[in-house]
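Take a look at the letters that make up each chain.
Number of protein chains: 2
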Amino acid sequence: MRYPRQATISASSLCYNPFRSTATKNLMERKIIAFRQDPRREWIAVLECGHTQHVRHNPPYQERAWVLTAEGRQNFIGVPIECGECHLTIRHAEPRDFYFVTTVINDWWEGRNMRDMLPKLFFTHFRDTSFIVQEQSNIVGFLNGFFSQTFPDEAYIHFVGVHPAFRKHGAARMLYEKFFEVARANGKKIVRCVTSPVNKTSIAFHQRMGFEIEAGDVEVDGISAHTNYDGKGESRVLFFKSL
Amino acid sequence: MRYPRQATISASSLCYNPFRSTATKNLMERKIIAFRQDPRREWIAVLECGHTQHVRHNPPYQERAWVLTAEGRQNFIGVPIECGECHLTIRHAEPRDFYFVTTVINDWWEGRNMRDMLPKLFFTHFRDTSFIVQEQSNIVGFLNGFFSQTFPDEAYIHFVGVHPAFRKHGAARMLYEKFFEVARANGKKIVRCVTSPVNKTSIAFHQRMGFEIEAGDVEVDGISAHTNYDGKGESRVLFFKSL
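Just so you know, the protein sequences line up as chains E and X, in that order. Each residue of the first sequence is one higher than the one before, counting from 62 in the numbering used here. Each residue of the second sequence is one higher than the one before, counting from 62 in the numbering used here.
Same shape as in the complex, but just chain E (with noise of 0.2 Å):
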């Protein structure tokens, strides 16, 4: 049997986009054309744009128990579904992109003062590894990178965000994918980052993108993490993935 799409896979419950018109809705439905699992054996839509889309069985937050079958995922081949990361474009970061970043940092933070942790110069000299992504002409994510200068075949990301309205929709994924490739392009073999033991979703999210933890000194709540890393209170979970 064939379900009917809206009763599982909903564009609008898939992708909340508080920029968007109602008469640009439904204009990046794309087709479902296979099926694979990350590295947690959750599953993926493979659209025919080359996105992906998670397509979680999580009752009762989502209820999708026809993707536990491959009769059910069979039945799904060919249903078109919105893609959230059409509509969103990558771009290299350029130092007027920081005016903005500086004037909404704290708000995508939820209040927290995270103004002084982001200096321009990662937009103006860190140009190559530094990306924006955009929702047509806003601005609703970015990253800044480097490469080591004391480690020739690393890579590190310093500062990523995305706006709250754009969390779950790809965004994220984007901005490391393209830092990954261009870290890649440049000869680099591995790439760093860091977050905090209390930040369950990045440390989620680092994992889901095949990110491995450094083994620390400390365990917080089963994850390893360095004790006073940056600074005395401030332990950190280091990430490392191999490119």
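Treat identical chains as interchangeable: a pair holds within one or across any two.
No farther apart than 25 Å at their CA atoms in a straight line, the calculated lysine to any residue pairs in the SDA-like style are these:
| hint | residue 1 | residue 2 |
| --- | --- | --- |
| 1 | Lys181 | Phe208 |
| 2 | Lys293 | His153 |
| 3 | Lys239 | Phe208 |
| 4 | Lys181 | Gln268 |
| 5 | Lys181 | Glu273 |
| 6 | Lys181 | Met270 |
The set of hints was computed from the structure by calculation and includes no laboratory data.
Got chain E; can you put chain X on it based on the hints?
Just chain X, lined up with the frame of chain E:
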């Protein structure tokens, strides 16, 4: 005539050092071998060790009318004075230096919160362009810089700090000159950095070090600045120096 040394250039007044014991006092006396002028036509004594020391006539703070005449300067050739820089050694920064710097940085800036502006990554991934100045085993200054990825012939100085008791002892000059040397050796043609228009000491220091000011959109006390350069309300003076 030959002036009595202590009456004119006192080692103790030139170089207050809270770390040094009386046992080591005068161990670093070096003979004056020549005099020259800086770009602002102030007099500098060149010592036998190769280091230099300003010998300003700036009454009523510094009374050295003798330095203004050729005869007066000639009388001081061969006179030993304490060399502030011979006490100081310079080396590349290491990640472990971050832990010391992060504990003193706010004190060195008289309580201002500068901590967030200096992540550990500069001590890890930019070691070849970051330096530490020590007085014996004590860290008394640091510089974090990098080579621009975007502009292959440019180097950038991000952060420089000197222990308050070691300012005017040549520590900052040592750090900058080491950075220039490494930048030159790596084919860089220009060094850039920024400071706040209210930081008159920093502006004067950069001018003494041969930096020029990039013309901005506003003038603050006769100095050209760039409004909102580092975000809203954060105007900056932009320096550049050709190597």
